[in-house]
Structure formats: structure tokens, C-alpha cells
Amino acid sequence: MTEHRDDSEMSRFDREGVRHFTARQSVIAVGIVAAILLVLSGNSILNAADEEIQGTEKTLLKAIGNPAATLADNPLADASGKLASNLSPDEALDPAASFPSSGSGTINQGQLPPVTPSYFDPVELDDKLPPKVPLESLLVTGDSLSQPLDTELARRLTPEGIEVTRDAHVGTGISNSTLVDWGQLSAAQVEKHHPQAVVVFIGANEGYPMPGPNGKDIPCCSPEWAAVYANRVRQVIDTYRQDGRAKVYWLTVPLPRDPARQRIASVVNQSVVVAAQPWRSQVRIIDTDEYFSPDDRYSDSITVDGNDQIVRESDGIHLNDAGSSLLADRLLDRIDLDFTR
Amino acid sequence: MLFPTIEFAIFFPVALALSWLLMPRQKLWKPYIIIASYVFYAAANPKFCLLLGGITIGNQIAAKLIEASPGERRRKWITGIAVAGNLALLGVFKYYSFFVQDWANLLEKFHLGAPAPLLTIALPIGVSFFTFQAITYVVDVKRGDAKTATTTDLAIYLSFFPHLIAGPIVRASEFLPQLKAPRDPNRVAVGAGLALVGIGLVKKVLIADYLARVLVDPVFGVPQAYAAPDALLAAYGYAVQIYCDFSGYTDIAIGLALLMGFIFPQNFNRPYRATGFRDFWRRWHMTLSRFLRDYVYIPLGGSHGTRLFTYRNLMVTMLLGGLWHGAAWTFVLWGGFQGAGLVAEHALNGRIGRRTPAWFRWFGTFNLVVLGWILFRSQSLEQFWDYIGRFFVAGPATLLTLPVLLSILVVIGAQLLPEKPMERLQIRIEQLNPMILAVALAFTILVVGATVPSQGVPPFIYFQF
Numbered sequence: 000m001t002e003h004r005d006d007s008e009m010s011r012f013d014r015e016g017v018r019h020f021t022a023r024q025s026v027i028a029v030g031i032v033a034a035i036l037l038v039l040s041g042n043s044i045l046n047a048a049d050e051e052i053q054g055t056e057k058t059l060l061k062a063i064g065n066p067a068a069t070l071a072d073n074p075l076a077d078a079s080g081k082l083a084s085n086l087s088p089d090e091a092l093d094p095a096a097s098f099p100s101s102g103s104g105t106i107n108q109g110q111l112p113p114v115t116p117s118y119f120d121p122v123e124l125d126d127k128l129p130p131k132v133p134l135e136s137l138l139v140t141g142d143s144l145s146q147p148l149d150t151e152l153a154r155r156l157t158p159e160g161i162e163v164t165r166d167a168h169v170g171t172g173i174s175n176s177t178l179v180d181w182g183q184l185s186a187a188q189v190e191k192h193h194p195q196a197v198v199v200f201i202g203a204n205e206g207y208p209m210p211g212p213n214g215k216d217i218p219c220c221s222p223e224w225a226a227v228y229a230n231r232v233r234q235v236i237d238t239y240r241q242d243g244r245a246k247v248y249w250l251t252v253p254l255p256r257d258p259a260r261q262r263i264a265s266v267v268n269q270s271v272v273v274a275a276q277p278w279r280s281q282v283r284i285i286d287t288d289e290y291f292s293p294d295d296r297y298s299d300s301i302t303v304d305g306n307d308q309i310v311r312e313s314d315g316i317h318l319n320d321a322g323s324s325l326l327a328d329r330l331l332d333r334i335d336l337d338f339t340r
Numbered sequence: 000m001l002f003p004t005i006e007f008a009i010f011f012p013v014a015l016a017l018s019w020l021l022m023p024r025q026k027l028w029k030p031y032i033i034i035a036s037y038v039f040y041a042a043a044n045p046k047f048c049l050l051l052g053g054i055t056i057g058n059q060i061a062a063k064l065i066e067a068s069p070g071e072r073r074r075k076w077i078t079g080i081a082v083a084g085n086l087a088l089l090g091v092f093k094y095y096s097f098f099v100q101d102w103a104n105l106l107e108k109f110h111l112g113a114p115a116p117l118l119t120i121a122l123p124i125g126v127s128f129f130t131f132q133a134i135t136y137v138v139d140v141k142r143g144d145a146k147t148a149t150t151t152d153l154a155i156y157l158s159f160f161p162h163l164i165a166g167p168i169v170r171a172s173e174f175l176p177q178l179k180a181p182r183d184p185n186r187v188a189v190g191a192g193l194a195l196v197g198i199g200l201v202k203k204v205l206i207a208d209y210l211a212r213v214l215v216d217p218v219f220g221v222p223q224a225y226a227a228p229d230a231l232l233a234a235y236g237y238a239v240q241i242y243c244d245f246s247g248y249t250d251i252a253i254g255l256a257l258l259m260g261f262i263f264p265q266n267f268n269r270p271y272r273a274t275g276f277r278d279f280w281r282r283w284h285m286t287l288s289r290f291l292r293d294y295v296y297i298p299l300g301g302s303h304g305t306r307l308f309t310y311r312n313l314m315v316t317m318l319l320g321g322l323w324h325g326a327a328w329t330f331v332l333w334g335g336f337q338g339a340g341l342v343a344e345h346a347l348n349g350r351i352g353r354r355t356p357a358w359f360r361w362f363g364t365f366n367l368v369v370l371g372w373i374l375f376r377s378q379s380l381e382q383f384w385d386y387i388g389r390f391f392v393a394g395p396a397t398l399l400t401l402p403v404l405l406s407i408l409v410v411i412g413a414q415l416l417p418e419k420p421m422e423r424l425q426i427r428i429e430q431l432n433p434m435i436l437a438v439a440l441a442f443t444i445l446v447v448g449a450t451v452p453s454q455g456v457p458p459f460i461y462f463q464f
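The listed protein sequences derive, respectively, from chains F and B. By the count of numbering that gives the first Met the number 0, the first sequence reaches residue 340 at its end, each step adding exactly one. By the count of numbering that gives the first Met the number 0, the second sequence reaches residue 464 at its end, each step adding exactly one.
No lab work stands behind these hints, which were simulated from the structure alone. None of these values were measured; they are calculated from a predicted model. Virtual Cβ for every residue (Gly too), placed ideally from N, Cα, C. Accuracy of the hints is not assured; some may be wrong.
Straight-line Cα separation of at most 27 Å, BS3-like style, residue types lysine-lysine; simulated pairs [unchecked claim]:
| # | chain 1 | residue 1 | chain 2 | residue 2 |
| --- | --- | --- | --- | --- |
| 1 | B | K29 | B | K46 |
| 2 | B | K63 | B | K179 |
| 3 | F | K57 | B | K46 |
| 4 | B | K63 | B | K146 |
| 5 | F | K61 | B | K46 |
| 6 | B | K29 | B | K75 |
Derived list of chain B stretches under chain F, where covered just means 3 residues or more per stretch with a C-beta under 8 Å from a C-beta of chain F [stated by the list, open to error]:
| # | region |
| --- | --- |
| 7 | 3-10 |
| 8 | 97-108 |
| 9 | 220-229 |
| 10 | 261-273 |
| 11 | 429-440 |
Kindly generate the complete structure, drawing on both the sequences and the hints.
Take a look at the structure:
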């Protein structure tokens, strides 16, 4: 038998001075922790439930979260919440810029919106392009899809003197404002950075029910849901384009591996195209499937210059470093049609 | 399921109460704790429970065959096959995509036919830790360090939720004896458990995640945007981040296990006070170090041979240790860097120790470790050199703030304080009434929770390994 030294110090909790208690005290102590958290922050459980699309976890969190939120409806919890908000690293966002609580989607009767020249992308019309201006500032934002593309773009453009702001909000979605309201966030980003160009890559966390025109939640992915989603995207695009002073490069969601996600991605991408329609002269829709799923089928790898290359992460959703690098190439090609570097 | 989440905050009190309730009835407790651990694991991806179950059954069959084999030769063969099987599984899940791409690139250079399918395979969370524990089980059984466990005990050993995801890597011979009888309900280190959970949360969320957000991620993401002061600050910042992230996780895991009546081995012992590479590896991720020593370095022959033979063994062990951290060449090189440090130290054979003051050895070791962390954190060798290049670019310190500086100085400084008074302070905290500690822990969680950004707590760095 090999003699192990006690290199793990397994007996360190038996050393002199360490006080032992009973199992009952262990359970009661953890119970006290849980009780204090419930009384002072019970509503966090409901917030966690809102972050789930559906399933057992959401049902369970809701079942516990509802009574917990009632328990946390007290002055102590309010005071604790106020103190906590002072510690939050999140920026204060303007509530006035949030998405409407009931999704709009209708136009006034008898009023036809006029089609203007800004509905058309001059590149697609094969028209004369407006004169290019030097690119000085770029904002790269979105959910986890925007990483590591944001880093890739920053690495390439920063040495050229271009200010690249990376502002990924992992786990967020336009259809779910629990973590962040993209209406408010986009307004805050523009206010802070005034970017000349904005790259948006978002859509990995979509498919949440959203309130429709009558305030009632619409589940994904009907035309009604698509209309509400498109209206939210339209609000975000309108913010980013800054009355036509900035260009927006909106990347569609690459076809995911999971069939359930494929459906959501398809509706999201169609909604984005519709949403951007009034400003196609300023908003470029970059179809990622053109590169990563040219035959409309999901694949981990694609052929690049005759060589096969893995471009996706193992989750079947995100692009890996190689995929992001390829996408950055394509994106910069498109940016170069609008700007000089 | 991550420890610092609402889901775990709901799961643990229930799991703990039921555990102590059923503890006296072992026939009920054992299936219960397996189910609880599998529920915990299934929260990440239910499909991976099949893998965990498969590894348990496969290694139990191997252990039983070893036990029943009369000859040493046959026992060796079965152990070898079991270890190879575990490593093959780890290889498929962890390294397939990494090697297949490089292999494909190489073959295509020589126009040599079609490589294996270019697929990305999802990495089951914790696979590196539970396969290593499975290896310690079959090897310990073969060596006679552990007896063959019942399948139920083995399932508990491999799946026990406090250490399932990211260790510490507990030896079979350390854990299985704790399952022989119910844990003593009158000897629970509640104070130590609660204190460790609180300290772990502060390390992870308040220090590691904060430094990552405001300093480390921006600079390592685009080093070109920063000059020498920021690059230096972020390098030290990452040293603090990775220590607080991983040791914070370990503190929580050990604390939770203590509340349930179980003891895990120590995993960190103030690593940044090390005065040499060997000293560093006796203090950093100690359960991995001793795994590499006992299951790689010593079987390779250890230091029982010529100097060159010992150096080879050190290098092989550390290169494998580097590769264990992830499927990337930067990790392999980092392992090589650590191995070279150990070899150099061995070659000088204490001569440095006799001639140089301790503070100088500490200073040299610490800065070499930090240099190694830059390689560890870099996505590629190119990025590593980009980063190093920034040390030679003059410019302002744009990310230097008081909280950043304090976080770095306090964490490193605390490790340099004399050990005895620190230990006495720790014992005094652990002796406090658990109810007082519980209230303190609840308020710590509230404060720590308030500093979490809207996107939630980022995963522990070692989850990806």
C-alpha cells in the first residue's frame, strides 16, 4: 500500500480550537440565511423565473417566487432594495426610452405611410454611393453572439486609430426586458458614445412572450409576435441611426443547430428585415447564413479557400474565434463601402 | 447549476435539511444524495447525466475485475484499459474539435485525403474533474490504497454535488471512508462552513468578477488599445482574478460539504507567497498537483533516475497538466513554462536558496507566475506577444482606480501576512455562534448580490476545464 502524506490536510477541521456544532444548527443556520434573503430579496426569484422562456424550472421558480414576492413586500425589503441599487454596477437607464408596455403594431386608419428613398439601400439598387467619410468611432453591441466578434473588430480597428466600443450584454434579448430593456440601453449607448457606426449582433436569447397591442402576452412565433418584435427592433434601429447621422450594421442570427431555435431565429431574422425597411439607406442587414449556412443547413464547419474550417461553438449557436474572424472580414468589406479607414 | 444563483439558493437549504434528516437511515440517504446530485447536474444538461452514470458503471466494473484478478499482470492490464477509457472519453469531449482542426489543416497542406469529420462536441461540465476522480478510484483499488466500493458509494463519490463541477479533486481513499458510517451529527464544522461560503462569494463576485469587468477583460481583449501601465496592472489583476475565482469556488465547495458533514482536501494555501515553482505548485490547485504527482509523475519514474530522466518526467507532467486546462496550444505552452521553471529549480538544486534572500526569491517567483498567467489568459500565441509588446509602449494608466488597486494589493498582501495570526483569526471566526454567522452570511449575500450586473454572475473560470 502506498503511504500518502496528509498533503490534503483532511484533519484540518479537527485541529485544536475548531468548534463543532450539531447538524440541527447547520440546518437552522442555513434556514436563517434563506429566511433573511426571502424577506429582503424574495422578488429576485420571480425575476429569475422571468429569465426562463418556459419549462419546469420556470414553473418551479414562479411557484416559489409568487409567495416569496409577497413576503418581500415590506418596508425593510424596500430599504434594502434602495441600498442595493446604489451598489449596482449597471448604468442608470432612462425609463422614457423603454419599449412600450403594450406592443404597437397598427397604423392610424386611413393613413398610408409614404415610401421614401431611404427605404432603399443604394448598394442593392446598384446606385451611386454617397461619398465616404473616415470612420472614427464604432460601437459593437448585442448579446453573447457579439462576442468574440467585438474583440476581433477592436483588435483590427484600434491600431488604425478608430475608437471601438465593445458593449455586449450577455443573456439579454429584445423580446425579454428582465435583464435589460434594449430600448433604454440603445438610447443610453448613443447618448454616451455617439458612434458613427453601430454593429448589432443579437438574437441568441429570443422567443419570450411579449405584450401585444391589447397588453396581453403573445407567445412566440406568430405573425403577431413577429410584428411586436419588429416594432421593438425598429425602435432600437431608429435610436442607433441617430437621425441618419450613423450607419447601422445589423447581423442576422446564424442558423442554430437546434430545430426549435431555428424557428425562433427565422422569425427574428424576418422581423429585422421588416423593421429596417424604412431606413435601408442607413441600415445594412448582414445575412450571416449566406456565409455559415449557404445551403440552408446547419453545419459546424464550412469550406474557406478550399479548406474545411470549424466555425461554430459546440453549443450550436455561437460562432467560434475562426467564425468570428471570417464574419469580421465580411463585415469590414461592407463597412468599407460606407467609410474610409 | 452555479453556486451563486437563485436556483442553488433554493436547492441547497432543501437538499441540506433532507440530507441530515435521512442521514441516520443510510439506505435512504445514499439513493437520496445520488438523486440530489444528479438533479444538480441535470440543471446544466440532462443528457450529460448519462455520461456520468456510464463512467460510474464502467469504472466499477473495472474495479471489480481488478479485485477479482489473481495476477499482478492482469490487474495492470485492466487498470490500464480503465484509465485509457477514461482518458479517451475526456479526449473525445474535450480535445476532439481542437485536434481535428489542426489535423485537418496539416493533412490538407499535403493534399492527403479527408480528415475525420469537423464537428464541435459540447463539453460536459465538470468532465475533467469526475474522470480524474474515477481514475484515482481504479488506480487506488489496484494499488491497494482503497477497497472496491459498492456501486452506490462510487456513484456518490463521483457525483457528490459540492465537488462535482470543479473539484477539488478528492481521492477515492479520502472520500469513500467518509461513506462507511453516517456522518456524526454532533461534529459539524458549521462555523467553518458558513465562513468559507461567505469568503468564497466575496472572492468570486466582489473581487474576481469586478476585476474582470473593469480591468482584465478590456485589456486582454484588445491589448493594442492600452499602454504599459494598464498592461501591467491587468496582468497583476488577472493573477488576482484567477486566484479569487478558483479559490472562491473551492471555498464554497468545501464550505457546503462541511455543512453536510463531509471534509474535502485543501486546494489552495496562499499561493502567491511561494518562493519557487515547486513551492507554488504545493500551494496552487493542490489537488491537481498531487494528482499529477501521484498518477503521472511517479508512474513515469519520478526522480528515480538520471537528472535528464527527472527533467523529462517533470516536463511531460507539466505539459499534460497544461493540456488538462484546455484544448489550446497556449495552455500546453503554459504547462511547458511551468515545467521549465521546475526543471531550472531542480537543476540549481537549492543553490539559489542558499545565496539569495527570501524576498528576492518571492519577487522572482511571483512575477514569473504572473508572466505565465498572461500566456494562460491569451487566446493565442499572437495575442500573448501583442500583450508583451504593450509593456514597451509608454502611455497613461487609464484603468487605475482606487478600488482596482485596493483589490489587487489586499489579495496579494493578505497572502504575505504571517500565517499564525491569520490562522488564529480564522479560528475565532469559525468559533462564533452559527446563528450570528448565518445573519452575517445573509447580509454578505445581499451585498454581493447587489454588485452583480444585470447579466448575472459569469461562470467560474475553471468550469471550462
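Cross-check of the supplied hints:
1. For the hint pairing B:K29 with B:K46, the CA-to-CA distance comes to about 22 Å; that is within 27 Å, so the pair holds.
2. Among the hinted pairs, B:K63 with B:K179 is consistent with the structure: their alpha-carbon atoms are about 18 Å apart, no more than 27 Å.
3. A threshold of 27 Å between alpha carbons decides the hint, and for F:K57 with B:K46 the separation of about 19 Å falls inside it, so the pair holds.
4. About 10 Å separates the Cα atoms of B:K63 and B:K146, which keeps this hinted pair within 27 Å; it holds.
5. Our distance criterion of 27 Å between C-alpha atoms is met by F:K61 and B:K46, whose separation comes to about 25 Å.
6. Between the alpha carbons of B:K29 and B:K75 the distance comes to roughly 31 Å, so the proposed pair goes past 27 Å and is violated.
7. For the region 3-10 of chain B, the stated coverage by chain F is satisfied: 5 residues place a CB nearer than 8 Å to a CB of that chain, which reaches the threshold of 3.
8. Under the rule that three or more residues need a Cβ within less than 8 Å of chain F, the assignment of the region 97-108 of chain B holds, with 5 such residues.
9. Counting residues of the region 220-229 of chain B whose CB falls under 8 Å from any CB of chain F gives 4; the rule of at least 3 is met.
10. Coverage of the region 261-273 of chain B by chain F holds. Counting CB-CB distances below 8 Å, 3 residues qualify, and the rule asks for three or more.
11. Counting residues of the region 429-440 of chain B whose C-beta lies closer than 8 Å to any C-beta of chain F gives 8; at least three are required, and the coverage claim holds.
Hint compliance for this structure: hint 6 alone is broken.
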